[in-house]
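Novice: Whenever a hint applies, use it, and build me the whole structure from the sequences.
Each chain is listed here by its residues.
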Amino acid sequence: MSHQPFEDWLFSDEQLNNQQKENMQAHLMQCEQCQSVANALNHVNTTFKNSSNPEPSQGFTQRWFEKLSITREQQKIKRTWIIILGFFSTATIISVAITAVNLKSINWAYQLSQFIASFSLFAGKINQIWRLGQRIANGFPLIIPIMIVLSLGLFSFVSALFVASISSIIRIYKPLEEGVY
Amino acid sequence: MNEDLRWINQALKGDENAFGILVEQYQKPVFSLCYRMLGNAKDAEDAAQESFIRAYHHLKKFDQTRSFATWLLSIASHYCIDRMRKRRLETVSMESIPAEVITDHKSPNPEKELRASESEALIQFLLDDLKPIDRAAVVLRYWYEYSEVEIADTLNLSVSAVKSRLYRSRRTLADAWLSAEKSTSIKRRHHESPAF
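Residue numbers (this note's numbering), protein chains in the order written: chain A, -12 to 168; chain B, 26 to 221.
Just so you know, these hints were derived from the structure itself, not from any lab. There's no promise every hint is true.
[Stated by the list, open to error] Simulated pairs of lysine-lysine, DSS-like, Cα-Cα distance not exceeding 25 Å:
hint	chain 1	residue 1	chain 2	residue 2
1	B	Lys111	A	Lys54
2	B	Lys38	B	Lys86
3	A	Lys36	B	Lys38
4	B	Lys67	A	Lys54
5	A	Lys8	B	Lys188
6	A	Lys65	A	Lys54
7	B	Lys85	B	Lys111
8	A	Lys36	B	Lys67
9	B	Lys111	A	Lys65
10	A	Lys8	A	Lys36
11	A	Lys65	B	Lys86
12	B	Lys188	A	Lys54
13	B	Lys85	A	Lys54
14	B	Lys38	B	Lys85
15	B	Lys53	B	Lys85
16	B	Lys156	B	Lys207
17	B	Lys156	B	Lys111
18	B	Lys188	A	Lys36
19	A	Lys63	B	Lys86
20	B	Lys38	A	Lys65
21	B	Lys53	B	Lys207
22	B	Lys38	B	Lys67
23	B	Lys207	A	Lys63
24	B	Lys53	A	Lys54
25	B	Lys86	B	Lys53
26	A	Lys65	B	Lys85
27	B	Lys67	B	Lys53
28	B	Lys156	B	Lys67
29	B	Lys85	A	Lys63
[Stated by the list, open to error] A few chain B positions that, by computed beta-carbon distances, are all more than 12 Å from chain A:
hint	residue
30	Gln35
31	Leu37
32	Thr90
33	Ser92
34	Ala94
[Claimed, not checked] So the derived label-pair ranges between C-beta atoms look like this:
hint	chain 1	residue 1	chain 2	residue 2	range
35	B	His83	A	Leu148	35 to 41 Å
36	A	Glu53	B	His83	46 to 52 Å
37	A	Gln98	B	Asp107	28 to 34 Å
38	B	Glu206	A	Gln17	18 to 24 Å
All residues carry an ideal CB built from backbone N, CA and C; glycine is no exception.
Specialist: Here it is in structure tokens:
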């Protein structure tokens, strides 16, 4: 049995004319499926109509004022972060621009030789420090585990600081849900 | 309406208390919409508060030729739709939903309260199957008696989109009702004592 157009009439909001109403009644008398859908829709309508409107608890406006002042504080913090980040971003951009301009006037061969020379000097210094370290370790063997523990502690502290600062930035800049205003 | 505009213009000049009067006036419809959308009082309170905060911060963008109530409900609907999309994966059981709000244990008429609570659970069960935008359209249609044009205006949809969403929603609601009816009759059959 075809349920059209009766099914469409049941689910749409349009007013039926007298002829359509009669046809619908005739169809509902014969079709059990459409009859059960029509009954279900009637029950849904009645349930919705008879329901009471939920209301907020007392003091809603007072709580709104409190929330407004908290939001203001958060916005102040956000603005401060924007200024700080803006300052550092501008400084970075300016530094990169100055460096880029200066790079054009560099004598590359001279700079490379200077770099190699300073690297050799640096490697020599490292070598000296390494030998000094070996001499200390020979005289005082416990220095190695102490240094490892201290390094790990310092590394954990710096990592924790880094994670905390990144998470606070993410929290502040968490985008708000889109809405239509 | 004119009274609203008076408070709106005062709020635009920086008078928070003027907006507070609007909050007092519209708290019920906004809260009720959020409750029907989110299904519990705690989330509804948060969403209603946030909707008023957003309205206050964007008051300059309010077109004073439009209805303030429609604009507020539009903000609240969009906020609730976003929230629902975020928590879409969470499953909420029918029993756990609204008893906390509606049932007042100090009530002089506990039977009436229980019936209200059951009715609320049923409403939430029916609405739970709807997609967020469809649910908003249904809430505006049934509880606010908005026309299709008004719903389209509130939800930023075309009128034909609203029609097709309401059509689809009615089908889903009817299916949900029939499945609830079926499961209730099965439960009843299980609980009935056998006739000897």
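Novice: Hints first: check each against the structure and report whether it holds.
Specialist: Hints versus structure:
In summary, the hint linking B:Lys111 to A:Lys54 is supported, as the alpha carbons are separated by about 22 Å, within the 25 Å threshold. Restraint check: the Cα-Cα separation between B:Lys38 and B:Lys86 comes to about 14 Å, which is no more than 25 Å; the hinted pair holds. Using a Cα cut-off of 25 Å, the hinted pair A:Lys36 and B:Lys38 is violated, with the two alpha carbons roughly 41 Å apart. Simply put, B:Lys67 and A:Lys54 have alpha-carbon atoms about 15 Å apart, close enough for the 25 Å limit, and the pair holds.
The straight-line distance between the Cα atoms of A:Lys8 and B:Lys188 is roughly 21 Å, inside the 25 Å bound, and the hint therefore holds. As the CA atoms of A:Lys65 and A:Lys54 are separated by approximately 16 Å, the hinted pair is consistent with the 25 Å bound. Between the alpha carbons of B:Lys85 and B:Lys111 the distance comes to roughly 28 Å, so the proposed pair goes past 25 Å and is violated. Using a Cα cut-off of 25 Å, the hinted pair A:Lys36 and B:Lys67 holds, with the two alpha carbons roughly 24 Å apart.
Restraint check: the Cα-Cα separation between B:Lys111 and A:Lys65 comes to about 24 Å, which is no more than 25 Å; the hinted pair holds. Proposed proximity of A:Lys8 and A:Lys36 is supported: the alpha carbons are some 23 Å apart, at most 25 Å. For the given pair, A:Lys65 sits about 22 Å from B:Lys86 by alpha-carbon distance, which is consistent with the 25 Å threshold. With a C-alpha separation of about 37 Å, the suggested pairing of B:Lys188 with A:Lys54 is violated against the 25 Å cut-off.
For the hint linking B:Lys85 to A:Lys54, the alpha-carbon distance of about 20 Å falls within 25 Å, and the restraint holds. About 10 Å separates the Cα atoms of B:Lys38 and B:Lys85, which keeps this hinted pair within 25 Å; it holds. A hinted pair counts as satisfied when its Cα atoms are at most 25 Å apart, and B:Lys53 with B:Lys85 qualifies at roughly 23 Å. Pair hint B:Lys156 plus B:Lys207 holds up; C-alpha atoms about 23 Å apart against a cutoff of 25 Å.
This hinted pair checks out: B:Lys156 and B:Lys111 have alpha carbons roughly 12 Å apart, not beyond 25 Å. For the suggested pair B:Lys188 and A:Lys36, the alpha carbons sit about 20 Å apart, so the restraint of at most 25 Å is met. This hinted pair checks out: A:Lys63 and B:Lys86 have alpha carbons roughly 22 Å apart, not beyond 25 Å. Among the hinted pairs, B:Lys38 with A:Lys65 is consistent with the structure: their alpha-carbon atoms are about 24 Å apart, no more than 25 Å.
For the given pair, B:Lys53 sits about 35 Å from B:Lys207 by alpha-carbon distance, which is inconsistent with the 25 Å threshold. The suggested pairing of B:Lys38 with B:Lys67 is violated, with an alpha-carbon distance near 32 Å, which exceeds 25 Å. The straight-line distance between the Cα atoms of B:Lys207 and A:Lys63 is roughly 56 Å, outside the 25 Å bound, and the hint therefore fails. Pair hint B:Lys53 plus A:Lys54 holds up; C-alpha atoms about 18 Å apart against a cutoff of 25 Å.
Simply put, B:Lys86 and B:Lys53 have alpha-carbon atoms about 23 Å apart, close enough for the 25 Å limit, and the pair holds. Proximity of A:Lys65 to B:Lys85 is assessed by CA-CA distance (about 21 Å); at most 25 Å being required, the pair is judged to hold. Between B:Lys67 and B:Lys53, the direct Cα distance comes to roughly 14 Å. Compliance with the 25 Å bound is thereby established for this hinted pair. Taking the CA atoms of B:Lys156 and B:Lys67, the gap is about 21 Å. The hint holds against a cut of 25 Å.
At roughly 20 Å between alpha-carbon atoms, B:Lys85 and A:Lys63 fall within 25 Å of each other, so this suggested pair holds. At roughly 16 Å from the closest C-beta of chain A, the C-beta of B:Gln35 stays outside 12 Å, upholding its exclusion from the interface. With a minimum CB-CB distance of about 14 Å to chain A, B:Leu37 clears the 12 Å threshold, and the non-interface call stands. In this structure B:Thr90 is separated from chain A by more than 12 Å, as the shortest Cβ-Cβ distance comes to about 15 Å.
Interface exclusion of B:Ser92 from chain A stands, the closest Cβ pair being 15 Å apart, more than 12 Å. Interface exclusion of B:Ala94 from chain A stands, the closest Cβ pair being 14 Å apart, more than 12 Å. About 37 Å separates the C-beta atoms of B:His83 and A:Leu148, a value consistent with the hinted range of 35 to 41 Å. Between A:Glu53 and B:His83 the beta carbon distance is about 20 Å. The supplied range of 46 to 52 Å is therefore violated.
At roughly 55 Å, the beta carbons of A:Gln98 and B:Asp107 sit outside the given window of 28 to 34 Å. In this structure, B:Glu206 and A:Gln17 meet the distance hint of 18 to 24 Å, their C-beta atoms being roughly 22 Å apart.
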